[in-house]
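So the sequence lines, in the order shown, correspond to chains E and G.
When you number the first sequence by the working numbering, it's gap-free, plus one each residue, and the end is 1470.
When you number the second sequence by the working numbering, it's gap-free, plus one each residue, and the end is 1470.
No wet-lab data here; the hints were simulated from the structure.
Careful: at least some of the hints might be erroneous.
Note that identical chains are pooled: a pair holds if it fits in a single copy or bridges any two copies.
With a straight-line Cα cutoff of 27 Å, these simulated DSS-like cross-link-like pairs (lysine-lysine) come out [stated by the list, open to error]: (1) K1135 - K1388; (2) K1261 - K1077; (3) K1261 - K1351; (4) K1170 - K1135; (5) K1135 - K1232; (6) K1388 - K1261; (7) K1351 - K1019; (8) K1232 - K1261; (9) K1135 - K1261; (10) K1340 - K1261; (11) K1232 - K1340; (12) K1135 - K1019; (13) K1232 - K1351; (14) K1077 - K1170; (15) K1340 - K1388; (16) K1261 - K1019; (17) K1077 - K1135; (18) K1077 - K1232.
Number of protein chains: 2
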Amino acid sequence: MLEAALAFAEGNRAQALDELKNFLRIPSISTLPEHTPDVRRAAEFLADELRRIGMENVRLIETSGHPLVYADSLHAPGKPTILCYGHYDVQPPDPLDEWLSPPFEPTERNGNIYARGAVDDKGQLWMEVKALEALLKAGPLPVNVRVLSEGEEEVGGEGIATYLREHHEELKCDVALVCDTELFAPDLPTLCVGLRGMIYTEIEVRGARTDLHSGMYGGAAPNPFVALAQVIAKLKDDEGRILIPGIYDGIEAPTAAELEAWKSLPFDEEHYRETEVGSSVLTGEPGYSVLERTWARPTLDVHGMPGGFTGAGAKTVIPAKALAKVSLRLVPGMTPQDTFDKLRSYVATITPKGVSIEVRLIHSGEPVVVGTDNPFIHAATEAMHAVFNKDTVFVRGGGSIPIVGDFARQLHVPAVMMGFGLPDDNLHAPNEKLTSATFTAAQNRSFASCLWRGDESAFQARSLERLEFFKR
Amino acid sequence: MLEAALAFAEGNRAQALDELKNFLRIPSISTLPEHTPDVRRAAEFLADELRRIGMENVRLIETSGHPLVYADSLHAPGKPTILCYGHYDVQPPDPLDEWLSPPFEPTERNGNIYARGAVDDKGQLWMEVKALEALLKAGPLPVNVRVLSEGEEEVGGEGIATYLREHHEELKCDVALVCDTELFAPDLPTLCVGLRGMIYTEIEVRGARTDLHSGMYGGAAPNPFVALAQVIAKLKDDEGRILIPGIYDGIEAPTAAELEAWKSLPFDEEHYRETEVGSSVLTGEPGYSVLERTWARPTLDVHGMPGGFTGAGAKTVIPAKALAKVSLRLVPGMTPQDTFDKLRSYVATITPKGVSIEVRLIHSGEPVVVGTDNPFIHAATEAMHAVFNKDTVFVRGGGSIPIVGDFARQLHVPAVMMGFGLPDDNLHAPNEKLTSATFTAAQNRSFASCLWRGDESAFQARSLERLEFFKR
Chain E
999 MLEAALAFAE GNRAQALDEL KNFLRIPSIS TLPEHTPDVR RAAEFLADEL RRIGMENVRL
1059 IETSGHPLVY ADSLHAPGKP TILCYGHYDV QPPDPLDEWL SPPFEPTERN GNIYARGAVD
1119 DKGQLWMEVK ALEALLKAGP LPVNVRVLSE GEEEVGGEGI ATYLREHHEE LKCDVALVCD
1179 TELFAPDLPT LCVGLRGMIY TEIEVRGART DLHSGMYGGA APNPFVALAQ VIAKLKDDEG
1239 RILIPGIYDG IEAPTAAELE AWKSLPFDEE HYRETEVGSS VLTGEPGYSV LERTWARPTL
1299 DVHGMPGGFT GAGAKTVIPA KALAKVSLRL VPGMTPQDTF DKLRSYVATI TPKGVSIEVR
1359 LIHSGEPVVV GTDNPFIHAA TEAMHAVFNK DTVFVRGGGS IPIVGDFARQ LHVPAVMMGF
1419 GLPDDNLHAP NEKLTSATFT AAQNRSFASC LWRGDESAFQ ARSLERLEFF KR
Chain G
999 MLEAALAFAE GNRAQALDEL KNFLRIPSIS TLPEHTPDVR RAAEFLADEL RRIGMENVRL
1059 IETSGHPLVY ADSLHAPGKP TILCYGHYDV QPPDPLDEWL SPPFEPTERN GNIYARGAVD
1119 DKGQLWMEVK ALEALLKAGP LPVNVRVLSE GEEEVGGEGI ATYLREHHEE LKCDVALVCD
1179 TELFAPDLPT LCVGLRGMIY TEIEVRGART DLHSGMYGGA APNPFVALAQ VIAKLKDDEG
1239 RILIPGIYDG IEAPTAAELE AWKSLPFDEE HYRETEVGSS VLTGEPGYSV LERTWARPTL
1299 DVHGMPGGFT GAGAKTVIPA KALAKVSLRL VPGMTPQDTF DKLRSYVATI TPKGVSIEVR
1359 LIHSGEPVVV GTDNPFIHAA TEAMHAVFNK DTVFVRGGGS IPIVGDFARQ LHVPAVMMGF
1419 GLPDDNLHAP NEKLTSATFT AAQNRSFASC LWRGDESAFQ ARSLERLEFF KR
């Protein structure tokens, strides 16, 4: 059946790309209430396509927020069941003025498709859908497949977490395939085996009862932005160390073997600084390498400070309140609740006089380390080797995919995090892109994920040959 | 002629208030480019009214920004010429959700008119216009009057400053009457004889080249908001002292007599804290009274910190840049340029690694102390005494009216700052108001300003009697 599937995929490339562009045109920004109808539209777009390609039981599952999209094809008795996960929501596109082409008008240039969601995660989700389509064209799937896609990954994934908790019996499977990560370098087979967790908080400072004229009251009324700056300056020192008492207690360091492996990764710090970050120097906790700092150490970042006057020009106001959006990334050994408690207690001790401070938890996710010794990771590794003719590197991700922890806790299955983004894809930033060639190649590579043999130990050799073919 | 003028004013009160409301309905927010047409509409509204009441040579004077409105009536040879100043632009109304009635739909309740600009400064400007109207109804004005109104007071007054510099010969006058201040307490005759200056700046911090995903880059990429918070925390200490080196050098303290007089003002610090500021404690430089801190000491305030993610919910971004709107209020002995230079040099020395910082001057104004020993201040004092039957108190203002310095430097005339706002009028804040009774009383009080006798030494006794009449 593979020949037919691959022939269909090959003949269908241009159309698949056009479909992806239509998917990318829907501004499914999950965090902005005004885009709620767009998020639903993206869910329906995905469901329609799953229905069209022949998946069964396709439906939107309502949650307290944005809907889940479910589909299955369960006609391979005795074969493993694979839960394919991806998310159809995207980050907000701002700052808009830094996009070279509109974020929701996918534009091809330099061999890339530029659009919000191109790589995170609509492009990667579409690879899975298109692989399923090609296989279904050729006959029943050789394994059992469930598709479960969410529209709240960028806002904490509350809906899917609740659903997994309440409906885990209906989602029986052997492994979760998560397509939301990246290759460490182009053409370097990569599996992600660890993720940082996070807490995303809002720190709100209140001073005077109402906004005041800074001429009349400057010198007597507390300024909440100054107070907030003083608090933030005490959260992290000039060197990048987090100053919250006890924050580093109990952290589980990577194994010596893992650290050794990271040293052999093709990582050029100077190149990374220049081409990816583009700052004069890299910053962060002294005594740790960049990979340790971004994969295995907690960090604290401020994302924005709403409130007060933010228009053009001048307004001489002492705002009544100021807000900071502050997150911490967590590593194994830390929990969201404990970290939040420590942050809140500490802020209470450093609150400047004249203001009151409230620290609110917006969402959180546990850190995850996936073991590398399960048969699915072995199978994926072998498959990658056959395709790339290189050993797979195991990396961690500095970001958080909260669902991976939920799969482990609720479904008791491991996750294979096999993604095809590239390090310079501008996730969450202006000019997010997906390399067009990656889409084509990865679409076909992801066949492998759907073609586990019954013994779960390796990818079907034949499909790998074909994947190799698509690499050119 | 006075009887006729006063009779007209009395019969015309309701209509004058309606006209003011129409003036207040125009959202002439000078700092927001999208309101440029509204600012011009307000200028034309004012010019039309000046024309209608019989002022001459009424015209809009174009500037590099918003237009000036000019009018005159120069038919009292040998009598002094009074330049009546006010501004027709207003501050932005945000935060909108704290207004109890819409900022540009003037609403009467509790004996007040609530609207943006009610007291600052459309209401006060309208008092002058309505006083001129009533006098003109009764015949030629007893003194020479020029009206010069600007639409950029809230954004630094660049246009009027340039015009005064280039056209001072055409604006010959003996005194400037500035109606943009307040009574120290209801029914307490007050003249403002000093104002703080200011520099309004933007501090822009740049880190990475583009916005980055805080999961992937948190721990390696500089965070401009954290850097900006660290800078701001070093501008002002926990006690409220400004930490910019040399900032307090050369400051001219108020005279012992002035300080003594301030002590006898009806000022209850606890009442001020509770009803005006509404914070748990008052803050500011230790060792100085509230009046000294707000009138005679420099202060530093942060008005807002645009940039990054400011929407609802969560976005996990390390912004490429962050901005803070920071102003300093200046007192005699300080100059805007020197203060700005000291700020900029200091910021350069405390810039955290990994980011670059630019400090930009948005606008500035010199501090001013008006002498109390000129005949116009004497006349105003005598007049106030006759009206209120109380001694006038001399206060300073913590705010800045840059034009007062320009009148002194370009026209070589003193300013009489006679305003009728009240301390709780919510200038620059939500629910700005003007006490309706104040409008009526002050409108008539401001007759006094137009009725200097030829010897410039006192207000016309007869008009004062009439003013007294209007106080009931």
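Mind listing which of the numbered hints don't hold for this structure, in increasing order? Hint check: 1, 2, 5, 7, 8, 9, 10, 15, 16 and 18 fail, others pass.
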